[in-house]
Structures are given as structure tokens and as C-alpha cells.
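**Q** Chains as they are written, first to last, in the working numbering: chain A, 31 to 375; chain B, 31 to 375.
These are computed hints drawn from the structure, not numbers from a lab.
Honestly, I wouldn't trust all of these hints.
Copies of one chain are not kept apart here, so a pair can be met inside one copy or by any two copies together.
[Unchecked claim] For lysine to aspartate or glutamate, the following DMTMM-like pairs were computed, each having C-alpha atoms within a straight-line distance of at most 20 Å: (1) K149 x E361; (2) K205 x E348; (3) K68 x D127; (4) K68 x D151; (5) K333 x D290; (6) K270 x E117; (7) K149 x D235; (8) K270 x D290; (9) K246 x D231; (10) K207 x E71; (11) K270 x E57; (12) K270 x E177; (13) K145 x D352; (14) K145 x E71; (15) K145 x D290; (16) K270 x D235; (17) K270 x E99.
2 protein chains.
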Amino acid sequence: MKGTLAMHPHNREVRLRTRPTGIPQAEHFEIVQAPTPKPDEGQIVVRNLFLSVEPAMRGWVSSVGNYSEPVPIGGVMRSFAVGRVVESRSPDFVIGDVVTGMFGWQDYAVVEGAKVQRKVDEVDLPISTALGVLGLNGLTAYFALLELGQPRAGETVLVSTAAGAVGSCVGQIAKIKGCRTVGIAGGPDKVELCRTEFGYDVAIDYRAQALDAALKVACPDGVNVYFDNTSGVISDAVLKHLAVGARVIICGTASIASWDPPPMGPRVERHLLVKRARMQGFLIFDYTQRYPEGLQSLTKWVKAGLIRYREDILDGLELAPDSIAGLYRGENLGKRIIRIVPNAA
Amino acid sequence: MKGTLAMHPHNREVRLRTRPTGIPQAEHFEIVQAPTPKPDEGQIVVRNLFLSVEPAMRGWVSSVGNYSEPVPIGGVMRSFAVGRVVESRSPDFVIGDVVTGMFGWQDYAVVEGAKVQRKVDEVDLPISTALGVLGLNGLTAYFALLELGQPRAGETVLVSTAAGAVGSCVGQIAKIKGCRTVGIAGGPDKVELCRTEFGYDVAIDYRAQALDAALKVACPDGVNVYFDNTSGVISDAVLKHLAVGARVIICGTASIASWDPPPMGPRVERHLLVKRARMQGFLIFDYTQRYPEGLQSLTKWVKAGLIRYREDILDGLELAPDSIAGLYRGENLGKRIIRIVPNAA
């Protein structure tokens, strides 16, 4: 980590300016200079180095019923980040510790020691991985696939957004578990990445191929586990190919522009009934107690080369406001991260 | 059992004449006289006494993908029945045994001994119960609720078609397990039955009440288990009231006139995601090995008065062709059964 960490009197904050109804766009945010915050007893100041960008942020700023309170108008955008402790009034942290947690889209965060997600001590891996493959993305893939999907060796695991930060990890964990993997992605670059980098047995370009016909060829015995990050017409096609006893993991709904009101689609009950299949929603925050177990496996697999990852690094806090919209435009290859200290690594 | 059992030279068969696309109507069937069949070695002849009528029959005659081969055009309508052995070439059965199984809508069935579902030996209960509360309806309620729903004491269990043959049993098993029960039914007679006979804590008439408002009052802490026999607008309303961690059991889709093509409805993924809820399809035939366990509990509960049941008995085979359509018109109160031998009991 080479960036300067001298504390500045000003803190740049990316605040929510207005509330979007669909996908948050650049104009819903503003960058404001505020005084650098001071810690109370038990708190630390973190100099953020990398900020996370994720599809779930759409939900975090939505006023529609959700699993957490929406980010308030005028509040700093909620976000995972990884950074270095520059001031500590907590006995659990010393200056220089690398930590990750919900530090927000800003230069400096004042955090209760107990709110730190974890100290990052994978000294031989880039610390940015704490936001992706060794962060919530990897943990989501791990717990959602293994707990809800319960994949068995020889089964077919199908992943939508197969080249994405979560999807790519799902496909590789499924391979580690002895499954056949089929990925769905949009565009030739992502499909190529699925095949060459993430080891999918089959990769389907939903923009270029007729999905129903492609699924018939790719999954002749049906889909045992469908890891769904998209919803919409991709899921409509996939549900017709479920095997008896299939497990559908609802992890994200990237293809749906707005849930207010919910869009219409073909009803799913008959698929579930005829195939005795199960659809289940997943939220990583239900698994916080088990993060250490997940991280241990993920770290081992990354170091062994069994899980590869891609990062899409945007340089500069000023790129944050448009970065969520860009995810939904599909412009990133790999986990999208904003680096806010030049040359941090 | 008082009806005459002298074997007739003719067997009346209710055959599938044409294939319906939606709900089977009287005109899709015809009643034909055929020779009474003769048993081969290992087979028995059963004189049917009661024939079952059930919503699932719509699926059995449908050409749309299903869990069993469709009844062929010109074939005897597939059906559960209970009857008496009048001829036996199987070492496992003697004349006079009461047996139940897939004997079809006809007077006489020739059956492999191994295809008999079970001998009926609840001598102190009417043998017609073998088609309802002590048959597939009761077993469906038992295994679907307990295995897929996993109800815990104090939770709220919501049942659609709450006064029906399956639904009424679900509500009562949920009460036995210490749950609060809320039933949805159509019309004042069924709602009254839910309250007075089947012990629901709350019963909602979806025809007379605004469902969303009624659910808000009936389920202030949300729905933990939704036992769904209807799909459609009832489910659309219920899914908005799921509690975190809810289990939705897809057991039937009574409100959907045709699945070819599948009707449109609001997409469900966001409900499942935000509530970390699960929807799962159920088919009783996956539990055949465990029927004895289920029947033992059900019989005990019926004899103890903890499970009450209603039967809607149609007298005469000539009422069979219109009987499925009648179910979907909602004209029955209780399990619909056709008695084809006068005074059988």
C-alpha cells in the first residue's frame, strides 16, 4: 500500500441527494466536503482505500420495503470499504491495521470498534479482495450455493450473471464440489471469461443465443441448481428446464429495473409443483456468525488457484455516483471497486 | 357395507373422450359398457364402492408436462377408489378384503396385488375415509405441512382453500402442532365451517372481504407458513404478508383455469429475497414409503376428534363426468366422493 495516509482536514462524502425509484443514477448523488470526523472513546478512524460497488445498493437506497433501513436523503452512501486505521480509541485496533466493514462512500469513517467486520490479514493477497472474492461476494457465493443449493457431485449448476463477482465464484465453487457448470452471461467478452477463466463447462450468451434452445442443449438432464442473480426473462427460460427436485437460489434481480410496482411475469407455481422444486431467497447478513468458516475455505481456494477472480477498478471517488448505474449497464468485467487513494494495492 | 356385490357381466367405465385444455368438463368424458375384466395370476378383481374426485385430476388429463403420463384418450379415467375384493388370484388378498388404490372410475378393476395401495382395516371408521382424511388428502396435508412447512408452535399458518379436503386437514394439524391458524375460503358456508368445524383462529371470505386489509389484521406478525392450494390473486395478496423466513408450500393451483400458456402475475423474487422465504412444490407420491407413518398419526387424531372431516358424496357413477368441473365451481363442502354401490358405507 503506497498511497499517502496523512489525515486531511476535509472528508469527501458521496451523499444521497434524491431518492431513485429504479436504478440509482449519477444525478441521485452529490460529493460534498465535510470536516474530517473525530473519534469518541471506543471508536476508530479508518482511511478508506477501496470502496465497494454492488447491485444490492439499489435496494439500500430504495424506499420500498427492504431488509434494512433505506439510506437517508443527505446521508453518506452506505457501502463496504477496506481501509487503514489512522486513529484509534479502541483497545482492539492499532494505527496501521487494515480493516473492512460498512464504512460508506467517503475518505474517512469513524467507526465503533465492534462494527468492524474484520481485520484483513491475508498478507499475500491484494487487500481489495476483501471487498470481492474474500468479502461479501465470495461469502454470498459460498453460503448461498452450499446452504440453499446443496449441490451434489455430478449435478448441473446453472448460474446467471455467470461472469460477475458473485456468479464467477459460484461457478468455481460448484466445480470444486464436482458439479457440471453452465453459465449465462451477456456479450462475447463475459462469455469468453466464463469459459477460459472461470472454468464453466458451457457458457451461454443470452444476447446472442436463443436461450431456450441453448439451455436444452446445455442441460439435457435438466438444471439441478439454478443460482439466480437476474430474474426476468432469463429466469422464465431457465424454470422450464428444472430437473425434479431442483433448488433455485434467489440472490439478486439484476434484470428488473424497478420493483415498484412489481413487474409481471409467467407464474411459477406449476414449475415448482411438477418438479417438486424449491425457490429460496438469500441474504448474506443472516450468515455473519459463519463468515470465518467461509473465509477460511475461500482463502484456501484462491491461494490454490481453484478460484480466480477479476476486479474492475475505477480510479477516483468522483466516479462513484455513476458506478451503480454502470453495473446495471453491464459495463464491468469482474468485481467493481473504487480506489480512492492513488496506487493503493 | 350393505350394497350387493354380485359380479355383473358388464363393467361401466368412465372414459376420457377428448382432451381438455383447461378444467375437464362433463363433455370430455363418456360412460361405456365393457365386459367385466378377468384376472391373471397375481391379480385381483376389485368391486369399487367409492371413487375419488380431486383437483389434481385436471393435471392427470392434461397433455402439458406433468409428473405422470396423461390419461390416454379412450382410457378409463385415472382415480383413487376404495372397494372390495370379489375375486383373487393373489396370495396376499382374499375375497372380502377392503382395498384402496388407483382403480379408476369404473365398477370393476383388475389390479396387480402389488399395485394395491393398502388394505383398509379401520373397522370403526367409514371406509370412504380411505379416499379423504385417511387417504391422499390427509396424507398430503400431513407430509406437505410437516415436511415442507416445518411449523413451530406459536407461528401463524395460513391455508388457502381452507375448508377443502386437504386444507381443512392442514389447519387442524397446524393446531395440533400449536400454531395460530388462518383460513381463506370462498363464501359464508365455507368460512363458517372453517370457524366452527375446523378450528381456525381466523377465517377470511376472499369473496366478501378485501384480502390485503383482512390479512393485515389476521396476521399482524406476518405469515410463517403459507399452504397454497390456489395460486393467482389470493397468493399475490398473501406473499406481501410473509414473515422473515416464511415457508410457502405449493400444493395446488385451483384458481388457475389453464397453464397453457402460463398466466401472468406479479414476479415473486423480491418477496422471497427480502423475506428470505422459500416456495416449494409438493407431490404426495414422493412419500409413498412413509404412508404408514402418516396414516397412523391421522387415524389417531381422527379417532380422538382432533381432526374432523366433511364428505360431499355424489350418488351414482353417472355423476362422475361433471364432478371435476363442479370442484372448480366450488360447489362441494368437503371431500368429493362418488358412491357407485347404493348404501355402501
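**Q** The structure should be examined with respect to each hint, and the outcome stated for every one.
**A** For each hint, the structure was consulted:
1. K149 x E361: neither (31 Å within a copy, 65 Å between copies)
2. K205 x E348: So K205 and E348 fail the 20 Å test inside a copy (38 Å) and across (58 Å) alike.
3. K68 x D127: Within. Shortest intra-copy distance 18 Å satisfies the 20 Å Cα cut-off; inter-copy 86 Å does not.
4. K68 x D151: The answer is neither: 26 Å in one copy and 79 Å across copies each exceed 20 Å.
5. K333 x D290: neither (43 Å within a copy, 50 Å between copies)
6. K270 x E117: Neither, since 56 Å and 46 Å both go past 20 Å.
7. K149 x D235: neither (39 Å within a copy, 56 Å between copies)
8. K270 x D290: Result: close only across copies, 13 Å inter versus 26 Å intra.
9. K246 x D231: within (15 Å within a copy, 48 Å between copies)
10. K207 x E71: neither (46 Å within a copy, 50 Å between copies)
11. K270 x E57: Cα proximity of K270 and E57: none, with 39 Å in one copy and 31 Å across.
12. K270 x E177: neither (24 Å within a copy, 25 Å between copies)
13. K145 x D352: Answer is neither; intra-copy 28 Å and inter-copy 65 Å both fail.
14. K145 x E71: within (14 Å within a copy, 75 Å between copies)
15. K145 x D290: neither (32 Å within a copy, 52 Å between copies)
16. K270 x D235: Cα proximity of K270 and D235: one copy only (18 Å, versus 34 Å across).
17. K270 x E99: So K270 and E99 pass the 20 Å test across copies only (18 Å; inside, 36 Å).
The structure fails to meet hints 1, 2, 4, 5, 6, 7, 10, 11, 12, 13 and 15 from the earlier list, while all remaining hints are met.
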